Amino acid sequence: MLNKGLKDEENQKINELIGKLIALEFVPEFYDSEQRSKVNGLLFEELGFRISDLQAWSSEELLIKLKQLNFDFSNYEQFGDLLLKLIPLEDVDHESHLAKSTIAVYETAQIESKTFSFSLIQKLNQAKALV
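Residues 1 to 131 (full-length UniProt numbering) are what the sequence shown spells out, left to right.
Since the hints were derived computationally from the structure, they do not count as laboratory data.
Watch out, some of these pointers could steer you wrong.
[To be verified] Cross-link-like lysine-lysine pairs, in silico, BS3-like; alpha carbons within 25 angstroms at most: (1) K20 / K65; (2) K100 / K38; (3) K65 / K100; (4) K114 / K100; (5) K85 / K20; (6) K114 / K65; (7) K100 / K128; (8) K67 / K128; (9) K38 / K20; (10) K85 / K128; (11) K13 / K38; (12) K20 / K100; (13) K114 / K128; (14) K85 / K65; (15) K67 / K114; (16) K114 / K38; (17) K100 / K85; (18) K128 / K65; (19) K67 / K85; (20) K100 / K67; (21) K67 / K13; (22) K7 / K128; (23) K38 / K65; (24) K13 / K85; (25) K38 / K67; (26) K67 / K7.
As the structure is a prediction and not an experimental result, all values here were calculated from the model.
With the sequences and hints as input, model every part of the structure.
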C-alpha cells in the first residue's frame, strides 16, 4: 500500500488532470475533430487509457482500473463529472454504456466517501436519466 504522502500526491495529480479536463469548454462542432484527441491524449498520458477504452470496458472493468490508480472518493466523483460531460458529445451508440459507467463511478464515490451527498445523488439521477 502506498504511504499517505505518495497517495495524497497521486490523488492531487489525478484531481488536477480531471479538473483540467472538466474545465475545457467542449464545442460539439470541434469535439470530434480536435477536442476528443486532446482528452484522449491527457487521459492516456496520465491514466493509461482512452475514451474508446471506456466505451469497450464494462463498468466493473473501469472500476478495477480506477482502483488500481488509487482513486479516492473525490477522484471518483470528479471522473464521473467528466464522463457526464462527455456523454452528449460521444456517439449515440455509446451514450447508454457511458451513462452506466458514470453511474457505477458515482455509486463508488458515494460508498468511498462514507457520507451522504445530495449533490452526488443529483448527479447520479442525471446519469440514470441517460441510460
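How the hints compare with the structure:
| no. | hint | result |
| --- | --- | --- |
| 1 | K20 / K65 | holds, 20 angstroms |
| 2 | K100 / K38 | holds, 24 angstroms |
| 3 | K65 / K100 | holds, 16 angstroms |
| 4 | K114 / K100 | holds, 22 angstroms |
| 5 | K85 / K20 | holds, 13 angstroms |
| 6 | K114 / K65 | holds, 21 angstroms |
| 7 | K100 / K128 | holds, 7 angstroms |
| 8 | K67 / K128 | holds, 22 angstroms |
| 9 | K38 / K20 | holds, 11 angstroms |
| 10 | K85 / K128 | holds, 14 angstroms |
| 11 | K13 / K38 | holds, 18 angstroms |
| 12 | K20 / K100 | holds, 23 angstroms |
| 13 | K114 / K128 | holds, 21 angstroms |
| 14 | K85 / K65 | holds, 20 angstroms |
| 15 | K67 / K114 | holds, 16 angstroms |
| 16 | K114 / K38 | violated, 34 angstroms |
| 17 | K100 / K85 | holds, 14 angstroms |
| 18 | K128 / K65 | holds, 22 angstroms |
| 19 | K67 / K85 | holds, 22 angstroms |
| 20 | K100 / K67 | holds, 17 angstroms |
| 21 | K67 / K13 | holds, 15 angstroms |
| 22 | K7 / K128 | violated, 31 angstroms |
| 23 | K38 / K65 | holds, 21 angstroms |
| 24 | K13 / K85 | holds, 20 angstroms |
| 25 | K38 / K67 | holds, 24 angstroms |
| 26 | K67 / K7 | holds, 12 angstroms |
Hint compliance for this structure: hints 16, 22 are not met, and every other hint is.
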